[in-house]
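Chains A and B are the protein sequences, given in the same order.
Counting from 135, one number per residue, gives the positions in the first sequence under our numbering.
Counting from 13, one number per residue, gives the positions in the second sequence under our numbering.
It is possible that some hints are incorrect.
SDA-like cross-link-like pairs, simulated, lysine to any residue; straight-line CA separation at most 25 Å [claimed, not checked]: (1) B/Lys64 - A/Gln569; (2) B/Lys64 - A/Thr455; (3) A/Lys663 - B/Gln93; (4) B/Lys64 - A/Val944; (5) A/Lys663 - B/His25; (6) B/Lys64 - A/Cys566.
Chain B stretches covered by chain A per the calculated footprint, using a threshold of three residues with CB under 8 Å from any CB of chain A [unchecked claim]: (7) 35-47; (8) 56-70; (9) 77-87; (10) 100-113.
Keep in mind that the hints were calculated from the coordinates and are not lab data.
Ideal placement from N, C-alpha and C gives every residue a C-beta, glycine not left out.
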Amino acid sequence: MSKPRLVVVGNGMAGMRTVEELLKLAPDLYDITVFGEEPHPNYNRILLSPVLAGEQTLEGIVLNPREWYAEHGITLHTGSPVVRLDRTRRKVETADGRSADYDRLLIATGSRPFMLPVPGADLPGVIGFRDIADVQTMIEAASRYRQAVVIGGGLLGLEAANGLKARGMTVTVVHIAPWLMERQLDATAARLLQQTLEVRGLRFLLERQTAELIAGESGRVCAVRFKDGESIPADLVVMAVGIRPNTALAEAAGLHCNRGIVVNDTLQSVTDPRVYAVGECVNHRGVAYGLVAPLFEQAKVCANHLARYGIARYTGSMTATKLKVTGIDLYSAGNFTGGAGCEEIVFQDAGRGTYKKLVLKDNRLVGSVLYGDTLDGAWYFELMRDGTDVAAFRDRLMFGRQHLGDSGHGDAQARVQQLPDTAEICGCNGVCKGQIVAAIRDKKLFTLDEVRAHTKASSSCGSCTGLVEALLAATAGGDYSTAPSKKPLCPCTEHTHDEVRAAILAQGLKSIPETMRALNWKTPDGCPKCRPALNYYLLCAWPGEYVDDAQSRFINERAHGNIQRDGSFSVVPRMWGGLTNPKELRAIADVAEKYNAAEVKITGGQRIDLFGIRKEDLPAVWRDLAAAGFVSGHAYGKALRTVKTCVGRRWCRFGTQDSTGLGVKLEQATWGSWMPHKFKMAVSGCPRNCAEATIKDFGVVCVDSGYELHVGGNGGIKVRVTDLLCHVKTEAEVIEYASAFIQLYREEAHYLERTAPWVERVGLAHIKARVVEDADNRRRLAERFRLAQASAQVDPWSARAAGAAPHEYVPLAVLT
Amino acid sequence: MNALHDGWIEIGHIDDIPRQGARVVAAPGGNIAVFRTVDDAVFALADRCPHKGGPLSQGIVHGHQVACPLHDWRIRLDTGQAVAPDEGCAARYPVEVVAGLVRLRLLPDSGCPNA
Ligand code: SRM
Ligand SMILES: Cc1cc2nc3c(=O)[nH]c(=O)nc-3n(C[C@H](O)[C@H](O)[C@H](O)COP(=O)(O)OP(=O)(O)OC[C@H]3O[C@@H](n4cnc5c(N)ncnc54)[C@H](O)[C@@H]3O)c2cc1C
Ligand code: SF4
Ligand code: FES
Numbered sequence: 135m136s137k138p139r140l141v142v143v144g145n146g147m148a149g150m151r152t153v154e155e156l157l158k159l160a161p162d163l164y165d166i167t168v169f170g171e172e173p174h175p176n177y178n179r180i181l182l183s184p185v186l187a188g189e190q191t192l193e194g195i196v197l198n199p200r201e202w203y204a205e206h207g208i209t210l211h212t213g214s215p216v217v218r219l220d221r222t223r224r225k226v227e228t229a230d231g232r233s234a235d236y237d238r239l240l241i242a243t244g245s246r247p248f249m250l251p252v253p254g255a256d257l258p259g260v261i262g263f264r265d266i267a268d269v270q271t272m273i274e275a276a277s278r279y280r281q282a283v284v285i286g287g288g289l290l291g292l293e294a295a296n297g298l299k300a301r302g303m304t305v306t307v308v309h310i311a312p313w314l315m316e317r318q319l320d321a322t323a324a325r326l327l328q329q330t331l332e333v334r335g336l337r338f339l340l341e342r343q344t345a346e347l348i349a350g351e352s353g354r355v356c357a358v359r360f361k362d363g364e365s366i367p368a369d370l371v372v373m374a375v376g377i378r379p380n381t382a383l384a385e386a387a388g389l390h391c392n393r394g395i396v397v398n399d400t401l402q403s404v405t406d407p408r409v410y411a412v413g414e415c416v417n418h419r420g421v422a423y424g425l426v427a428p429l430f431e432q433a434k435v436c437a438n439h440l441a442r443y444g445i446a447r448y449t450g451s452m453t454a455t456k457l458k459v460t461g462i463d464l465y466s467a468g469n470f471t472g473g474a475g476c477e478e479i480v481f482q483d484a485g486r487g488t489y490k491k492l493v494l495k496d497n498r499l500v501g502s503v504l505y506g507d508t509l510d511g512a513w514y515f516e517l518m519r520d521g522t523d524v525a526a527f528r529d530r531l532m533f534g535r536q537h538l539g540d541s542g543h544g545d546a547q548a549r550v551q552q553l554p555d556t557a558e559i560c561g562c563n564g565v566c567k568g569q570i571v572a573a574i575r576d577k578k579l580f581t582l583d584e585v586r587a588h589t590k591a592s593s594s595c596g597s598c599t600g601l602v603e604a605l606l607a608a609t610a611g612g613d614y615s616t617a618p619s620k621k622p623l624c625p626c627t628e629h630t631h632d633e634v635r636a637a638i639l640a641q642g643l644k645s646i647p648e649t650m651r652a653l654n655w656k657t658p659d660g661c662p663k664c665r666p667a668l669n670y671y672l673l674c675a676w677p678g679e680y681v682d683d684a685q686s687r688f689i690n691e692r693a694h695g696n697i698q699r700d701g702s703f704s705v706v707p708r709m710w711g712g713l714t715n716p717k718e719l720r721a722i723a724d725v726a727e728k729y730n731a732a733e734v735k736i737t738g739g740q741r742i743d744l745f746g747i748r749k750e751d752l753p754a755v756w757r758d759l760a761a762a763g764f765v766s767g768h769a770y771g772k773a774l775r776t777v778k779t780c781v782g783r784r785w786c787r788f789g790t791q792d793s794t795g796l797g798v799k800l801e802q803a804t805w806g807s808w809m810p811h812k813f814k815m816a817v818s819g820c821p822r823n824c825a826e827a828t829i830k831d832f833g834v835v836c837v838d839s840g841y842e843l844h845v846g847g848n849g850g851i852k853v854r855v856t857d858l859l860c861h862v863k864t865e866a867e868v869i870e871y872a873s874a875f876i877q878l879y880r881e882e883a884h885y886l887e888r889t890a891p892w893v894e895r896v897g898l899a900h901i902k903a904r905v906v907e908d909a910d911n912r913r914r915l916a917e918r919f920r921l922a923q924a925s926a927q928v929d930p931w932s933a934r935a936a937g938a939a940p941h942e943y944v945p946l947a948v949l950t
Numbered sequence: 013m014n015a016l017h018d019g020w021i022e023i024g025h026i027d028d029i030p031r032q033g034a035r036v037v038a039a040p041g042g043n044i045a046v047f048r049t050v051d052d053a054v055f056a057l058a059d060r061c062p063h064k065g066g067p068l069s070q071g072i073v074h075g076h077q078v079a080c081p082l083h084d085w086r087i088r089l090d091t092g093q094a095v096a097p098d099e100g101c102a103a104r105y106p107v108e109v110v111a112g113l114v115r116l117r118l119l120p121d122s123g124c125p126n127a
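Make a model of the complete structure from these sequences and hints.
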């Protein structure tokens with residue numbers, strides 16, 4: 135049977151990226167034919183600016199050489215524009231008389247430069263800035279003529295002007311708006327930019343409207359005349375006033391177009407589902423994008439559907455802009471002009487030539503403009519993308535990620551560029567700045583993951599991530615594709631944590647292999663990052679029903695102990711609320727002696743740790759402990775750890791409530807529950823807070839009138855004090871609120887996200903709305919938690935002591 | 013467990029090893045980790061990570077790799093080599109499955125310099 139035929143019209147960035155993505159998913163599905171109007175194979179259009187400026191060569195910007203097409207069995211016709219599309223006969227025809235039949239058609243015709251409709255616009259010497267031919271025209275003109283005029287002071291116009299200047303021309307930029315790049319910059323940043331460019335020799339005429347281009351004796355353009363009557367000499371005019379989606383072919387074929395071919399979330403024409411379209415020629419939900427990052431996201435989704443997986447959706451992108459003029463640092467993203475309900479934070483240092491503006495709405499970052507110091511651009515973009523609630527660190531937001539007080543890098547003034555090469559960046563793995571910079575340079579690293587893989591920096595506790603990203607930005611320079619608008623769960627998938635969780639519920643996915651199949655995983659059985667996450671998400675979605683996959687758990691959770699550096703294990707039995715008694719202590723002492731525990735220690739969580747237990751002995755240790763009434767303390771799990779308590783009203787002269795008793799009740803209600811990360815609680819008997827409840831995931835501070843409930847604290851890598859959730863009157867309420875809060879966290883947080891970053895990401899208001907203000911919802915959450923607990927509160931230790939999972943502890947064979 | 017000709021030793025049935033998991037064989041020269049991957053391929057490596065000696069048998073098995081439980085180095089099961097950019101290797105032992113029975117030889121393959 136012959137393969138279905140895919141015809142691609144447009145051999146540019148979006149079209150070929152779609153084909154590449156398709157080949158990754160389904161290499162042999164289609165017979166592919168590509169038509170390109172330009173005589174070249176696919177090249178990186180973005181790099182035309184550096185080519186013009188003489189910093190790159192044309193050969194150096196080819197993305198897919200002709201051999202690539204041949205290798206993949208793709209028929210390529212270059213210099214062969216498609217002029218007719220017959221949807222009834224499913225056929226395209228080209229200007230040079232070729233034709234091709236299709237089963238699926240992909241239109242990726244990009245856009246055309248918009249040429250001002252003024253007299254003389256068609257004269258020789260008047261061009262746009264779009265393709266290799268334009269660049270060749272400009273390079274040639276620069277060798278023969280002197281005066282260049284660029285109409286349009288946007289991104290493209292400034293890059294053209296900079297390139298022509300570098301090639302020795304006298305360049306004037308004419309712009310209709312009162313300041314440059316008015317769609318990306320506010321007036322202040324634009325002024326700074328203009329000053330820098332003026333120092334480099336560019337001239338600017340702002341608020342000038344072009345009336346006419348005048349021809350000289352040779353017939354070539356010789357001057358530009360403005361509405362106010364003034365005119366300036368010009369041997370070359372580059373129009374960079376905007377682009378228009380290239381929809382002529384689609385329109386003639388009756389496809390619905392409205393400033394772009396109108397497509398749905400699967401990148402299919404709304405008129406004809408056999409016709410797909412991606413790139414600048416497309417209008418998706420009313421937006422036509424003009425930057426590659428969103429087009430590449432479209433390409434992924436489109437390929438997914440062409441490959442017949444049919445699960446991805448394109449829902450739009452957030453974009454960020456950088457100016458590619460060497461030596462100028464400029465970054466802009468989102469809504470930087472503000473407007474109703476927005477607030478602005480502005481920082482300006484004229485002496486250093488830096489300017490930063492952050493726009494906030496409802497305590498979330500919605501836009502940013504950075505000039506002169508763009509180090510934190512990626513971080514701001516992340517905050518925007520994730521919709522992070524910035525209320526907690528708003529006062530330090532402007533000063534960047536380094537200023538959030540990461541432990542070990544406390545010197546808030548030390549900016550990463552000023553650090554010496556010997557400065558230790560990653561405390562966990564002992565990696566210093568020089569090593570990271572060298573690796574980025576020598577190994578051509580572009581992403582955080584690559585730096586982690588090559589240097590180990592930031593791969594353990596993660597507190598130095600901001601510094602490493604800053605080094606990346608400073609060393610490698612920002613790459614246009616480094617900030618995808620969504621962050622996949624791991625390299626095995628394109629889906630985010632939230633998308634995966636939603637799909638599990640919506641599609642009723644019940645196992646890890648089923649989830650991987652339905653969501654088109656790229657690896658046969660995932661990796662150590664996604665498998666534990668999926669296992670947890672399934673467990674949370676289908677309590678009592680999902681069968682836990684031990685092989686997808688990290689060894690500590692699989693063996694129910696903490697693995698030590700020498701391969702032995704530690705054992706921490708649960709001590710409810712930190713209470714114990716002579717019988718329990720005696721049992722622990724006996725176990726310690728009988729199994730040769732190398733050390734016995736009181737933990738920071740008010741219980742006892744037995745170190746150096748051999749793995750083979752674990753079941754027997756647990757059997758002895760179970761006989762004394764102990765259950766697992768889950769000191770190894772992404773689960774409820776401890777409930778720390780203080781003495782409280784029973785003994786303490788200040789105690790207002792029975793904090794110890796309440797702690798025990800809380801622990802009994804919540805132990806055994808699997809969570810996205812570990813979860814710690816504490817109950818203090820009065821505001822002196824001896825149990826340190828205000829750095830716990832859920833903390834209770836007893837007061838005379840009842841109980842203050844606190845959430846989102848963390849005492850670990852980055853200390854975070856809790857937020858006050860609310861005040862309640864009874865112990866029963868404390869348990870209900872705690873259950874509801876835990877369940878919300880279980881259902882919403884990303885795997886390995888503790889409550890502190892989760893609360894910061896979604897905002898306290900989000901949590902209050904669901905746990906405090908909506909009593910019905912709180913009860914429902916607490917009920918779902920109770921239901922899940924029914925199947926979770928099974929002591930894993932006694933089960934194993936009684937013989938469960940023996941293969942985990944006994945060798946397969948002992949050879950002598 | 014039976015000693016066979018040529019130094020092959022029968023160590024158990026493939027079903028005794030969890031899929032995407034490993035079992036340890038205690039041998040005179042140190043523990044050997046015997047892995048079973050998702051596609052039921054079986055591999056054997058010295059149970060010592062080339063990094064700091066972590067027990068590879070306790071790691072998460074994915075594809076034809078295992079992630080060391082101590083510091084997450086990735087080791088290829090077919091060669092014993094650490095996945096780049098990490099460098100090092102764990103000795104590899106000949107292993108085969110005949111009619112469901114797993115057989116091992118205690119003489120490591122050559123090719124791993126620090127074995
Ligand atoms: C045993 C104990 C230290 C001690 O001797 O006191 C301990 C030991 C470990 N902690 Fe801890 N932590 C212990 C209390 C704490 C505390 C204090 C507390 O709970 O009151 C904290 C800070 C409070 C907090 O979590 O907010 C703490 C913050 C951490 C962190 C950083 C967490 C964070 O969110 O920043 C890690 C790393 C992680 O989880 O990724 C960690 C990880 C670890 C690990 C599991 C490291 C590892 O992955 O192997 C250590 C296991 C050692 C072992 O083999 O047993 N441990 N760890 C404490 C056990 C308490 C218990 O009874 O269960
Ligand atoms: C100078 C310059 C600098 C840029 N800098 C950046 C930047 O820094 N960052 C960024 O994100 N973006 C930048 N862009 C924008 C980016 O290049 C475009 O968004 C991207 O190339 C659009 O991809 P596309 O596939 O939709 O269109 P294109 O890449 O233009 O591809 C469309 C192709 O289809 C061909 N075609 C058109 N009609 C037909 C037909 N009927 N038959 C056959 N072929 C046809 C065209 O000739 C063209 O080759 C820049 C653009 C330019 C011009
Ligand atoms: S117990 Fe905690 S603080 Fe101590 S070394 Fe281990 S992880 Fe670090
Ligand atoms: S011992 Fe294996 S990664 Fe460190």
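How the hints compare with the structure:
1. At roughly 21 Å between alpha-carbon atoms, lysine 64 of chain B and glutamine 569 of chain A fall within 25 Å of each other, so this suggested pair holds.
2. Annotation: proposed proximity of lysine 64 of chain B to threonine 455 of chain A is violated, straight-line Cα distance about 45 Å (limit 25 Å).
3. For the given pair, lysine 663 of chain A sits about 21 Å from glutamine 93 of chain B by alpha-carbon distance, which is consistent with the 25 Å threshold.
4. Of the supplied pair hints, the one linking lysine 64 of chain B and valine 944 of chain A holds, its CA atoms being roughly 23 Å apart against a limit of 25 Å.
5. Only pairs whose Cα atoms come within 25 Å are accepted, and lysine 663 of chain A paired with histidine 25 of chain B is rejected, the gap being roughly 30 Å.
6. Under the criterion of a C-alpha separation no larger than 25 Å, the hint pairing lysine 64 of chain B with cysteine 566 of chain A is consistent with the structure, at around 21 Å.
7. Residue count for the stretch 35-47 of chain B with a Cβ under 8 Å from a Cβ of chain A: 8. That meets the three needed, and the coverage hint holds.
8. Check result for the stretch 56-70 of chain B against chain A: holds, 5 residues qualifying (beta carbon to beta carbon below 8 Å, three or more required).
9. For the stretch 77-87 of chain B, the stated coverage by chain A holds: 5 residues have a C-beta nearer than 8 Å to a C-beta of that chain, and at least 3 were required.
10. For the stretch 100-113 of chain B, the proposed coverage by chain A is not satisfied: 0 residues have a C-beta within less than 8 Å of a C-beta in that chain, short of the threshold of three.
This entry does not satisfy hints 2, 5 and 10, going by the numbered hints stated previously.
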